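Trainee: Top line first, the protein sequences correspond to chains A and B.
Note that the numbering used here has the first sequence beginning at 1, numbered continuously upward.
Note that the numbering used here has the second sequence beginning at 1, numbered continuously upward.
No lab work stands behind these hints: they were computed from the structure.
Since we're looking at a predicted model, the values are computed, not measured.
A portion of the hints provided could be inaccurate.
Calculated cross-link-like contacts (lysine-lysine; reagent style DSS-like; alpha-carbon spacing at most 30 Å) [unchecked claim]:
| no. | chain 1 | residue 1 | chain 2 | residue 2 |
| --- | --- | --- | --- | --- |
| 1 | A | Lys67 | B | Lys74 |
| 2 | A | Lys91 | A | Lys179 |
| 3 | A | Lys132 | B | Lys9 |
| 4 | A | Lys132 | A | Lys55 |
| 5 | A | Lys109 | A | Lys95 |
| 6 | A | Lys58 | A | Lys3 |
| 7 | A | Lys134 | B | Lys3 |
| 8 | A | Lys3 | A | Lys69 |
| 9 | A | Lys178 | B | Lys120 |
| 10 | B | Lys120 | A | Lys109 |
| 11 | B | Lys120 | A | Lys132 |
| 12 | B | Lys74 | A | Lys179 |
Over the 12 Å line for every Cβ pair with chain B, so calculated as not near, a few chain A residues [claimed, not checked]:
| no. | residue |
| --- | --- |
| 13 | Asn4 |
| 14 | Lys95 |
| 15 | Lys178 |
Ideal Cβ placement from N, Cα and C applies to all residues, glycine included.
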Amino acid sequence: MLKNRLVFLFPLILFIALAIYFVLGLERAKEVGNDFVPSALIGQPFPNMNLAPLKQEKPGLMTSDLKGKISIVNVFASWCVPCRAEHPMIKKLSKVDDLNVVGLNYKDKEEDALSFLAELGDPYHMIGSDPKGKAAIDLGVYGVPETYVVDQQGIIRFRHVGPLQLRHLDDDILPLIKKLSQ
Amino acid sequence: MTKKKIIYKKQIVAYVAAFSRSNLKITPCRVIHLGFAAMILTLALFHNLAAHAVEPDEILDNPVLEQRARDLSKELRCLVCQNQSIDDSDADLARDLRILVRERLVEGDSDEEVLDYLVKRYGHYVLLNPPMNLQTLVLWGGPILIFGAGTILVYIWFARRTRRINAQEEADIEEGIIAPKGLTIEEEARLAQILGQVTQENEAPKGQSSKLANGND
């Protein structure tokens with residue numbers, strides 16, 4: 001009789017096992033940056049690219065330049081409305097010590113990008129131009145804006161899809177930068 | 001076979017027989033069913049000609065490569081729309097990826113190499129057909145297994161229960177607690193008497209009542 005009672009517990013135990021499996025999966029997805037589509041390049045080196053500079057006075061985006069310091073690579077475009085909204089956050093990041101703030105100008109016209117930066121401010125130390133979006137495909141970019149955190153060895157550690165808000169800085173980006181600095 | 005199954009089988013056989021004898025009555029319900037079947041059949045036969053987002057300037061000169069590109073595009077997810085393939089989607093990124101697929105094919109990549117190229121950059125999510133590995137097999141097979149196990153358990157439980165109830169009933173009949181199934185002779189006679197009375201009452205007022213009595217064949 002007791003055996004019959006135990007059999008009834010089996011579905012409950014199975015459910016709890018599945019629930020744990022699914023919750024663990026969700027937690028793992030959270031780690032990857034709260035993306036709908038997690039980046040396939042987390043833990044991989046930043047892809048090789050050599051993008052022409054947008055402005056003469058600043059360097060373009062060369063992958064070898066991303067080593068030595070922690071870099072924030074921000075994919076933006078002048079035609080992208082959320083990029084305007086997140087721009088103050090990028091400016092905030094440019095004030096962080098020892099942090100390379102790099103812009104990847106995605107599918108944009110030079111004049112438009114320049115007036116975007118003139119109007120909203122230019123927080124970038126380097127800006128690379130990707131007018132056809134080909135280099136961005138190597139990076140796995142599927143929309144604008146996107147922000148990547150690259151460590152001192154040039155390995156991609158984190159990707160944020162969508163405009164950066166203060167809480168993303170506080171919860172995800174700044175703690176990661178701190179961790180990588182140690 | 002259970003009774004119900006026999007009845008269904010007879011109905012289907014009658015349906016098919018009537019159809020082959022051209023004896024099938026055309027009812028509105030059957031017309032609608034035929035309409036749906038025709039729709040689905042048309043879609044199944046012609047869906048390859050369905051609308052797509054490929055623009056003329058993307059089409060490769062080599063028709064073999066172009067067909068490979070179309071087939072591969074249908075397997076790749078547009079990450080912007082996420083429920084469409086890049087072959088269907090009008091998004092900018094979809095166009096970029098379509099062109100990329102064609103460039104890789106012109107370079108001589110195999111189908112697998114093209115898909116790998118994209119998975120390397122965008123992850124397995126870019127494939128509309130998910131990869132079959134151990135993890136996904138568990139997800140695919142899991143529900144079916146659980147459902148199957150559940151069905152078996154319910155069946156066993158039911159069978160045991162019925163057997164127990166029948167055994168209990170037989171024991172009670174032996175001991176005389178309840179009457180055996182079926183009617184005794186006296187009860188049969190009494191039943192016939194009651195039924196006889198009811199038929200007499202029905203035949204008295206003619207017209208409507210006889211229709212009621214004989215309505216269901």
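Trainee: Hint by hint, say whether it matches the structure.
Mentor: Structure-based check of all given hints:
For the suggested pair lysine 67 (chain A) and lysine 74 (chain B), the alpha carbons sit about 39 Å apart, so the restraint of at most 30 Å is broken. Only pairs whose Cα atoms come within 30 Å are accepted, and lysine 91 (chain A) paired with lysine 179 (chain A) is accepted, the gap being roughly 21 Å. Between lysine 132 (chain A) and lysine 9 (chain B), the direct Cα distance comes to roughly 64 Å. Violation of the 30 Å bound is thereby established for this hinted pair. With a C-alpha separation of about 18 Å, the suggested pair lysine 132 (chain A) and lysine 55 (chain A) falls inside the 30 Å cut-off, and the hint holds.
At roughly 27 Å between alpha-carbon atoms, lysine 109 (chain A) and lysine 95 (chain A) fall within 30 Å of each other, so this suggested pair holds. Between lysine 58 (chain A) and lysine 3 (chain A) the alpha-carbon distance is near 76 Å, which puts this suggested pair outside the 30 Å criterion. The hinted pair formed by lysine 134 (chain A) and lysine 3 (chain B) fails the criterion: a straight-line CA distance of about 67 Å is larger than 30 Å. Of the pairs offered as hints, the one joining lysine 3 (chain A) and lysine 69 (chain A) is violated, with about 63 Å between alpha carbons and a cut-off of 30 Å exceeded.
Our distance criterion of 30 Å between C-alpha atoms is met by lysine 178 (chain A) and lysine 120 (chain B), whose separation comes to about 29 Å. Restraint check for lysine 120 (chain B) and lysine 109 (chain A): satisfied, since their Cα atoms lie roughly 29 Å apart, inside the 30 Å limit. The straight-line distance between the Cα atoms of lysine 120 (chain B) and lysine 132 (chain A) is roughly 20 Å, inside the 30 Å bound, and the hint therefore holds. A C-alpha spacing of about 42 Å is found between lysine 74 (chain B) and lysine 179 (chain A), which places the hinted pair above 30 Å, so the restraint is violated.
For asparagine 4 (chain A), the shortest C-beta to C-beta distance to chain B comes to about 9 Å, within the 12 Å cut-off, and the non-interface label is violated. The beta carbon of lysine 95 (chain A) is kept farther than 12 Å from every beta carbon of chain B, the shortest such distance being approximately 32 Å. The non-interface label for lysine 178 (chain A) is consistent with chain B: the shortest C-beta to C-beta separation is roughly 27 Å, beyond 12 Å.
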